[in-house]
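Residue numbers (this note's numbering), protein chains in the order written: chain B, 1 to 337; chain W, 1 to 249; chain G, 1 to 288.
Read the hints as simulated data drawn from the structure, not as lab findings.
Heads up, some of the hints might be wrong.
What the hints assert, rightly or not - With a straight-line cut-off of 27 Å between C-alpha atoms, the simulated BS3-like cross-links for lysine-lysine are:
1) W:K20 <-> G:K170
2) G:K170 <-> W:K57
3) G:K170 <-> B:K229
4) W:K69 <-> W:K20
5) G:K170 <-> W:K77
6) B:K229 <-> W:K31
7) G:K158 <-> W:K20
Stated by the list, open to error - Not close to chain W: a few residues of chain B, all C-beta gaps over 10 Å, as computed:
8) F36
9) F182
10) I223
11) L248
We put the CB at the ideal spot given by N, CA and C, even for glycine.
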Amino acid sequence: MDEKIGRRERLDRGIKVRTEGIYAISSWRGIAYSLFPTFSFVLGMLIIPLVVPSMTWQRIMTIACIFALLALSFDFLAHFVGIVCLGGAFFTGVGGYISGVLNSAFGLPMVITIPIATIAGGAICTLFLLPCLPIRGIYFAIVSLMYPLLFARVIQALELFGGTDGLPGLATFPNIWVELYFIIPMTLILTFGLRRLVNEDFGIVLRAIKDNDQAVRASNINIAWYKTKAVFIASAIGCFAGACLAHLYGWVGLSLFALDFSIFPIAATVVGGVGTLVGPIIGAFILAPLSEMLRAFGPLRVVFYSLILAGLVVFKTEGLVPFLQRKYHQFERWTEI
Amino acid sequence: MSEDVVLQVKRVNKSFGGVKAVDNVSFDAFKGEILGIIGPNGSGKTTLVNLITGFVKADSGMVFAEGKKLTGLGPDKIAGLGIVRTFQIPRPYHSLSVVKNLVVPLYSSRIMHTIGGKLGDRDTVALDILEEIGFERDAHVPYKLASAFSEGYLKRLELARCLALRPYIIIMDELFSGLSVSEIAAIIPMVERLQMNGITIIMVEHRVRELFQIAHRVMVMNFGEKIAEDIPKKIIESEIVKQAYLGVT
Amino acid sequence: MNIFIFGLVNSVILALTASGFALAYGVSRLANFAHGALYILVGFATWLFLNRLGINYIGSILLSIIIVSIIGGGIYRLFLIRVKGMPVSEIIASLALGIAIMELFRWRGFISEAYMLPPFINGSVSIAGVMIDWQRLIIIGVGLAMMLFLWLFTHHTKVGLSFRAIAQDKHASMMSGIEPDRTAVISLAMGSALAGVAAVVILPLGNITVETGYMVLTNAIAVCIIGGLGSWAGVFAGAFLLGFAEILTAAFIGPQWQMVVVLLFIILTLILKPSGLLGKQKELEERV
Numbered sequence: 001m002d003e004k005i006g007r008r009e010r011l012d013r014g015i016k017v018r019t020e021g022i023y024a025i026s027s028w029r030g031i032a033y034s035l036f037p038t039f040s041f042v043l044g045m046l047i048i049p050l051v052v053p054s055m056t057w058q059r060i061m062t063i064a065c066i067f068a069l070l071a072l073s074f075d076f077l078a079h080f081v082g083i084v085c086l087g088g089a090f091f092t093g094v095g096g097y098i099s100g101v102l103n104s105a106f107g108l109p110m111v112i113t114i115p116i117a118t119i120a121g122g123a124i125c126t127l128f129l130l131p132c133l134p135i136r137g138i139y140f141a142i143v144s145l146m147y148p149l150l151f152a153r154v155i156q157a158l159e160l161f162g163g164t165d166g167l168p169g170l171a172t173f174p175n176i177w178v179e180l181y182f183i184i185p186m187t188l189i190l191t192f193g194l195r196r197l198v199n200e201d202f203g204i205v206l207r208a209i210k211d212n213d214q215a216v217r218a219s220n221i222n223i224a225w226y227k228t229k230a231v232f233i234a235s236a237i238g239c240f241a242g243a244c245l246a247h248l249y250g251w252v253g254l255s256l257f258a259l260d261f262s263i264f265p266i267a268a269t270v271v272g273g274v275g276t277l278v279g280p281i282i283g284a285f286i287l288a289p290l291s292e293m294l295r296a297f298g299p300l301r302v303v304f305y306s307l308i309l310a311g312l313v314v315f316k317t318e319g320l321v322p323f324l325q326r327k328y329h330q331f332e333r334w335t336e337i
Numbered sequence: 001m002s003e004d005v006v007l008q009v010k011r012v013n014k015s016f017g018g019v020k021a022v023d024n025v026s027f028d029a030f031k032g033e034i035l036g037i038i039g040p041n042g043s044g045k046t047t048l049v050n051l052i053t054g055f056v057k058a059d060s061g062m063v064f065a066e067g068k069k070l071t072g073l074g075p076d077k078i079a080g081l082g083i084v085r086t087f088q089i090p091r092p093y094h095s096l097s098v099v100k101n102l103v104v105p106l107y108s109s110r111i112m113h114t115i116g117g118k119l120g121d122r123d124t125v126a127l128d129i130l131e132e133i134g135f136e137r138d139a140h141v142p143y144k145l146a147s148a149f150s151e152g153y154l155k156r157l158e159l160a161r162c163l164a165l166r167p168y169i170i171i172m173d174e175l176f177s178g179l180s181v182s183e184i185a186a187i188i189p190m191v192e193r194l195q196m197n198g199i200t201i202i203m204v205e206h207r208v209r210e211l212f213q214i215a216h217r218v219m220v221m222n223f224g225e226k227i228a229e230d231i232p233k234k235i236i237e238s239e240i241v242k243q244a245y246l247g248v249t
Numbered sequence: 001m002n003i004f005i006f007g008l009v010n011s012v013i014l015a016l017t018a019s020g021f022a023l024a025y026g027v028s029r030l031a032n033f034a035h036g037a038l039y040i041l042v043g044f045a046t047w048l049f050l051n052r053l054g055i056n057y058i059g060s061i062l063l064s065i066i067i068v069s070i071i072g073g074g075i076y077r078l079f080l081i082r083v084k085g086m087p088v089s090e091i092i093a094s095l096a097l098g099i100a101i102m103e104l105f106r107w108r109g110f111i112s113e114a115y116m117l118p119p120f121i122n123g124s125v126s127i128a129g130v131m132i133d134w135q136r137l138i139i140i141g142v143g144l145a146m147m148l149f150l151w152l153f154t155h156h157t158k159v160g161l162s163f164r165a166i167a168q169d170k171h172a173s174m175m176s177g178i179e180p181d182r183t184a185v186i187s188l189a190m191g192s193a194l195a196g197v198a199a200v201v202i203l204p205l206g207n208i209t210v211e212t213g214y215m216v217l218t219n220a221i222a223v224c225i226i227g228g229l230g231s232w233a234g235v236f237a238g239a240f241l242l243g244f245a246e247i248l249t250a251a252f253i254g255p256q257w258q259m260v261v262v263l264l265f266i267i268l269t270l271i272l273k274p275s276g277l278l279g280k281q282k283e284l285e286e287r288v
C-alpha cells in the first residue's frame with residue numbers, strides 16, 4: 001500500500017524520565033527542569049508588582065489576588081472534596097462585613113480585624129453550610145448560590161450594618177506596596193499550603209470521600225467531620241479574601257455579596273485548569289486584567305466571562321495549566337502504523 | 001468453632017415500595033465460624049447484608065452483636081464496632097495509590113481508640129497489610145494507582161480495607177463473583193486463614209460449589225425469607241432448597 | 001380575610017414561577033438555573049414587541065412565549081446536552097448562561113422603572129370585603145388553569161405520559177422507546193413556556209427589572225427545596241407554605257423580614273427533611 005497511515009503519539013520527554021524520583025538531583029539540568037515551573041511561578045508572582053506599568057494596574061493585581069484566593073477555595077472544594085460551592089460571594093460578604101464592622105464600630109485595627117474575620121467568618125459560613133453537607137451535592141451548590149443573594153437582601157431590608165449604603169471610612173493599607181506584598185505572599189503560602197495538605201493524610205481522606213463516600217463510611221470514618229473541616233478551610237480562605245477587600249477599598253457594602261465573586265472564581269478555575277490549585281491562580285491573573293479592560297462596558301463584562309465559562313465548561317476544555325504541563329513534560333510526534 | 005453467638009439477627013423486615021426484600025429473617029452466627037448465605041437472584045441476600053451493616057434501615061426487627069444493638073446505627077458506627085463488610089463490586093479510591101487506599105481506613109475511630117493512634121507511620125502499616133493479603137512488596141506495585149489493577153487484586157484490596165479495621169466479623173458480599181476458578185482457589189486459603197485467626201466470616205455467595213468447600217454452616221434464602229439453615233451436606237440434599245433453585249417438585 | 005386572599009395570590013405566584021423549574025428538574029433532572037433569566041426575557045420581549053414593534057398585546061405574549069420556548073430547548077440542545085450526566089457542570093453551564101442573559105439586559109439599560117407591562121384588566125373588585133385588583137384574580141385563575149392543564153397533559157397526552165415515565169425510571173422508559181434527549185428538549189422548552197406564562201400574568205403587577213430575574217430563580221429553588229424536588233404536589237405544598245408564611249410575616253412582623261423567613265425555611269427543611277415536604281427522592285442512606 002502506498003498510503004501511510006499515521007497517528008500522533010505522545011511520549012514523556014527524556015529529561016522527565018531521567019528525573020523521576022530521587023534521580024532528579026542527579027544533574028544540574030535535572031534539578032533545573034524539576035524546579036523551573038514552581039520557581040517561575042513564585043518568581044512571577046513576586047515580581048508582578050514591580051513590572052506593571054501603573055498604579056491602576058497594581059490595583060488590578062491586588063484584585064486579581066483576591067479573586068485568585070476565591071478561585072483557590074473553589075478548586076479545593078470542588079476537585080479534592082467533591083463539593084461544588086457556587087457561593088464565593090457568601091465568603092467575601094461575610095468576611096468583608098465582619099472585618100468592616102469590627103473596624104468601624106469597634107475601631108479595631110486591620111491587623112486584628114483581618115484574622116478575626118478569617119476565623120470567625122469561616123466558622124459562620126461553615127455553620128450555615130452545615131445542613132447541606134450530609135445530603136446530595138446539588139443541594140450544596142444551590143444553597144451556596146442562594147445564600148449571598150439572601151444575605152444581601154436581609155442586610156438591605158433590615159438596614160443592618162449600614163444597609164444599602166454600607167459602611168464607609170474603614171482603615172486601609174498604608175500604601176500599595178504593603179497591599180501587594182501582603183496579599184501576594186499570602187496567596188502563595190495558601191496555594192502551596194493547600195497543595196501540601198491534599199497530599200498529606202487529611203487530604204487523602206478528603207479525596208477518598210470524593211471518590212467513594214460510602215466506602216469511607218464503611219471504614220468507620222465520620223465523613224461529616226472531614227467535610228466540615230474542609231468547608232471551614234475553604235470558607236476561611238474566602239473570608240480572608242473578603243476582609244482584605246474591605247480594607248483595600250476602605251468600604252463595605254452590599255456589593256461584597258455580588259454574583260461577580262461567585263462566578264469569577266469558577267471561570268478562573270476553568271480557564272486555569274481544574275484540580276491543579278495553581279491553575280485557578282493563573283486563571284485569575286489572566287481574567288482580572290481582561291475584566292478590567294472591559295470595565296468600560298459595565299455589565300457586559302459579566303456577560304463576557306459568563307459566556308466564556310459556559311463555553312469552557314460545555315466543551316470540556318482541559319485548562320491552561322494541564323495544557324502547559326503536558327507540553328512541558330511530553331512531546332508529540334507522528335508515527336506510522 | 002465455639003458455641004458463643006457473636007451476631008444475632010432477629011426477625012428483620014425490609015420493604016422497598018411494594019416489594020418485600022427481606023421477610024422476617026432470623027439467624028445466629030457463632031464465633032469463629034464461616035457461615036454461608038446462598039439463594040437465587042433477588043432473594044434478598046445483599047439487602048440483608050445492608051440491613052446488618054447499617055447501610056439500609058430495617059422496617060422492623062433487631063440485630064445484636066455481642067450484646068450491643070446494631071439496628072439504628074449508621075454504617076460508620078457499626079464498622080467502628082468491628083463488623084465490616086466488602087462490597088459486591090469493589091470500588092477502590094481510583095485516584096489514589098493502593099497504599100493510600102489503605103491509609104484511609106487507618107484513620108478510623110476504631111483504630112484510633114484501640115491503639116491510641118500510636119500506629120506510627122500509617123504507610124508502613126498499610127504496606128504490611130498489603131503484603132499479608134498477597135500484594136507484592138516491592139518498590140512499585142503498592143504505589144500504582146488503584147485503577148490499574150485487575151479484579152482479583154481489587155477484591156483483595158477490599159479485604160485489606162476490612163482488615164485495616166481489625167474486625168471480629170467480616171461479611172463478604174459475593175467475594176467470588178468476577179473471579180476465575182484459579183483466582184478463587186488462591187483467595188480461599190486467605191479466607192480460611194482469617195477464620196483461623198478467630199474472625200467470624202459470613203459469606204453471601206452465588207458460587208455454591210466453591211462456598212461449600214469452606215463453609216461450616218449455610219443459610220438459604222428465597223424471596224426474602226430464610227428457607228433453610230444447616231451444614232452444607234444437608235443443604236445439598238434438602239428438597240426445599242432444590243425447589244427454590246430449580247423450581248421442580 | 002385580607003391575609004387569606006393575598007396569601008392565596010402570593011402562593012399562586014410562587015407556584016407559577018416555580019412550576020417551570022420543577023418540570024425541567026422532575027422530568028430530566030436538569031436544574032435549569034437560567035430559569036429566572038428566561039422569565040424576564042419573556043417580559044422584556046413582550047414589552048419590546050408591544051412598544052417598539054407595535055404588535056398587539058396578545059400577539060406579543062404569544063410570540064414571546066414561543067421564542068422563549070425555543071431558546072429554552074436550544075439551551076439544552078446546544079449546551080446542556082454536552083454536559084448531561086455531570087450535575088455540577090450542568091448547573092455551572094445553565095447558571096452562566098442565565099447570568100449572561102440577565103446581565104445582557106442590565107447592560108442594555110433595562111433597569112429603570114420605565115419598563116412595565118399593562119395589566120390585562122384594569123381596576124379592582126371587592127370580594128368578601130377585600131379590595132383586590134382584577135390582575136391578581138386573573139393570576140389565581142391562570143394558576144388553577146395551569147394546574148388543570150398540567151394534570152391533563154401528563155395524564156392524557158403521549159408526550160405528557162412519557163414525561164411521567166422518564167421521571168419515574170429513566171432506563172425503563174428508554175427501553176420503551178422514549179428518547180431522553182428529545183424529552184429533555186421538550187421539557188426544557190415547556191418549562192421555559194411555563195416561566196413565560198407566569199411572567200406575563202405576574203409582571204403587570206410591577207416593573208420588569210433584572211433583579212426580578214434573580215428573585216424568581218431564588219424563589220423557584222426555595223419552593224422546590226421546601227416542597228420537595230421531583231413531586232408536583234410538593235411544588236404546590238411548598239408554594240402555599242412559603243406564600244402564606246411570607247404574607248403572614250409581612251403582616252405581623254414586617255415586610256423586611258420576609259427574606260429571613262425564606263432563609264429559615266430552607267435551612268429547616270434541609271436539616272429536618274432534606275427531600276422536602278412531599279419529596280419523592282429516596283433517603284440518602286438507601287444508595288447502596
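Evaluation of the provided hints:
| no. | hint | in the structure |
| --- | --- | --- |
| 1 | W:K20 <-> G:K170 | holds, 23 Å |
| 2 | G:K170 <-> W:K57 | holds, 26 Å |
| 3 | G:K170 <-> B:K229 | violated, 36 Å |
| 4 | W:K69 <-> W:K20 | holds, 23 Å |
| 5 | G:K170 <-> W:K77 | violated, 34 Å |
| 6 | B:K229 <-> W:K31 | violated, 39 Å |
| 7 | G:K158 <-> W:K20 | violated, 32 Å |
| 8 | F36 | holds, 25 Å |
| 9 | F182 | holds, 35 Å |
| 10 | I223 | violated, 8 Å |
| 11 | L248 | holds, 37 Å |
Consistency note: the structure conflicts with the earlier hints numbered 3, 5, 6, 7 and 10.
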